[in-house]
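Residue strings, one per chain:
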Amino acid sequence: MNAWTPVIVAFLCNWCSYAGADLAGTGRQQYPPNIRIIRVPCSGRVNPMFIIKALVDGADGVMVSGCHPGDCHYLAGNLYARRRFAVLKKLLVTAGVEPDRVHFTWVSASEGTRFAEVVRGVTEAVTALGPNKMTGGGAGEL
Amino acid sequence: MSFELQEKSLRELCESLLRDGVAEIVVGFGESAFASGIAVPITVKKPEDAAKLSWNSRCVPSLARYIAGRKGVAALVAKPCDARAVASLIAERQLDRDNIYIIGMECAGMTDADGSALAACAECSSRRAPVFDSEITGAPEAFDAPDERSAGENSADRFRGEMDKCILCFSCRQACYGCYCETCFMDRGAPNWQPSEPDIGAKMIYHLGRAMHLAGRCVECGACENVCASGVNIRYLIKSVTDFIECEYGFHAGMDTKTLPALQTYSASDGEPGFWGKNNE
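Which chain is which? The protein sequence lines are U and Z, in order. Under my numbering, the first residue of the first sequence is numbered 161, with each subsequent residue one higher. Under my numbering, the first residue of the second sequence is numbered 3, with each subsequent residue one higher.
Heads up, a few of these hints could be off.
With the C-beta cut set under 10 Å, the calculated list includes, among others, these residues of chain U facing chain Z [said to hold, decoys possible]:
hint	residue
1	ILE212
2	MET223
3	SER225
4	TYR240
5	HIS263
6	LYS293
None of these hints come from the bench; they were simulated from the model. The beta carbon of each residue, even a glycine, is placed where N, CA and C say it ideally should be.
Input sequences plus hints: build the corresponding full structure.
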């Protein structure tokens, strides 16, 4: 029987973090294969419902990454997102979701190494928590 | 200092508002034709009917829901939470300031059938409306509340416990001043957020989604809790977010008619609590 490894949904913005992930790949940076990348136009596009739905449907972790504040392609998308994520995390923690299941970060297009580092850190943190038990069942195959 | 005196002034004020044409309609509380002991929302259009308005410790419903989309000037008998809801609706451009006449009632908090303060009212510290056109003061002392705070329960169990009680009737949404979307995200076919089965996951999606939509907009009127048929306390969840927003961004919903809700704006110097590499709480 295979050992359990987490399924982590990663929302990456098109302009910075997705390019950062690309750079990590072309630079042959090693990072765990547990993330499932979903490309979004901007971190401001990430509806809190995406994250709630992912967790309720059994994802073990969620990670959102966008451009560093000040570098947004749409000028302020990530600044709106920053408030939204801070509030969402407070809400999820109140509802009993472990703080280490949801991660928000900024990765620029030139930070391939940082991207790999963050994914390693996120995977480690979520693995330490074990499967998502939010609705009672374990993680499904995603 | 009593409800009777306030009620008397309220009736006189409303009569003159209607007679002088300041307002076309008064939305307030009155006796129910079917049930005794609870005030129900009523509308008054003729000056001589102003005597039908009542004001007592059972004026529980939130009236801010009843004035949206009206043409002409409506006067609203407003508890502090109703006045905050109206101010918030004006800030969100759902209401025209010129179309609403707010009668701010000094409020001692409302009670349930056995005379003890409602949970939301017991926690509420505002006796007077932050925004009003006329004010009727003279409320009695606040009512005592039974202390029934659950302690020691962990947050996941508490949330699950509340979700187990929910029957997804959406009463809380219907009663909430802030839920004015024409089509709620739970009723939408695309994107379809609601799982096909109304299980605990569907309830979590509904309540977490609604809490996010109300984040920083909740006026803590407790309407969600008061209408709930199965006793779900969802207010605690939204309150945690409301408190967080007040502490983090200094925003308190409905205190004036100009300031946009905290999540509709941003500041370059916002903090990043709970972000990667920051304090994780």
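We went through each hint and held it up to the structure:
no. : hint   : verdict
1   : ILE212 : holds, 5 Å
2   : MET223 : holds, 8 Å
3   : SER225 : holds, 8 Å
4   : TYR240 : holds, 5 Å
5   : HIS263 : holds, 5 Å
6   : LYS293 : holds, 8 Å
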